[in-house]
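This is what each chain is made of:
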Amino acid sequence: MNVNKEETTPWICDKCSEELELRKVTVRYLGGNFEVELMQCPKCKTVIIEEDLALGKMLEVEKGLEDK
Amino acid sequence: MFEKYMGDMNFISLWEVMDKYGVPEGNKIKENKILTVHDACSTRYNKEIQESIRNVATSLGYKIKELKFSKEKTKCCGYGGLVYFANREQSKDFVKDRINESNHDYLVYCSMCKDLFIDEGKKTFHILDLIYSNDLEKAALRKVPTLSRRHENRTLLKIKLLKELWNEEVNDLIEDYEFKLNIPDNVQNQMKDRLILLDDIEKAIDNAEKNKEKFFNPQNSHYLCRFRISNVTYWVEYEKNKDEILVKSVYSHRMEVVEE
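Line order of the protein sequences matches chains A and B. Residues 1 to 68 (this note's numbering) make up the first sequence, in order. Residues 1 to 260 (this note's numbering) make up the second sequence, in order.
Simulated from the structure, these hints should not be mistaken for laboratory data. Built from N, CA and C at the ideal position, the CB exists for glycine as well. Incorrect hints may appear among the rest.
With a straight-line Cα cutoff of 16 angstroms, these simulated EDC-like cross-link-like pairs (lysine to aspartate or glutamate) come out [unchecked claim]:
1) A:Lys15 / B:Glu213
2) B:Lys158 / B:Glu169
3) B:Lys248 / A:Glu50
4) A:Lys63 / B:Glu256
5) B:Lys248 / A:Glu51
6) A:Lys24 / B:Glu213
7) B:Lys212 / A:Glu51
8) A:Lys45 / B:Glu169
9) A:Lys24 / B:Glu256
A partial selection of chain B residues facing chain A, derived with a Cβ cut-off under 8 angstroms [claimed, not checked]:
10) Asn217
11) Ser221
12) Leu246
13) Arg254
Taking the hints into account, I'd like the entire structure generated from these sequences.
The following block contains the structure:
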């Protein structure tokens, strides 16, 4: 479910005024933990999931796990 | 359902009671309008309910025309087994298949059947419309309430019942937020398709504004915030104007991001 490494995002963290960085984070679904690279605020650690990702690859993975 | 899971329980459906004791005749029609009955799947094996619906309609002056597949062979309206949520396209196909079986208006006795048929443009009466509606034409095409409106209606009903039947006042069921939302039609459609409630959007924005938990896009001055409610994370993109918040997009995912 990795995002494209070259991907940039126009979004910045509003609380910390920091630009987001691609970092390894853990996502959890149906009892399984997976490590993926997602855009994150380096300071407060908030992760952004943009619409394309949520309704694209992420939904695909969710459905795949649900059908298992 | 009662027969299957609570075999010892004696029960009688409202429709049978109405059939037995009669219904108000204020809505009785003079001409013999023909209606086609679509039986609810949950009554497939309950002949008494099926007959009482037909009897009530006949007593109000309607003539019943049966579909090829009715009673114990009734078809799915497009909601059964929650196919509406699990596979929207399949559900739409079921609805279209069923409503094209007759040119006559339909008579149903399940609110889901009614909502789905009307949503695809079929004139459909609920049996209660025939008995109580002040405007039958309007009732047969009354649009499906949005997911948020259904949610709100249930809350308002709960408040009313608690107050009128149990003398309990509840004040914490409807939140008052400091912001005013403007949700354009395209976003309303997203909410419908993506099963997102107004309540979810309000909670996300409220949290974002109070705790500054949001992202900012300097290119278009939009904000993007997220809020997790039980098993779903809701995302809202919005623009802050002088006296209102304009919602640009909403979406959700079920996967949980562990932010640490």
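Okay, which hints does this one fail, numbers in order? 6, 7, 8, 11 and 12
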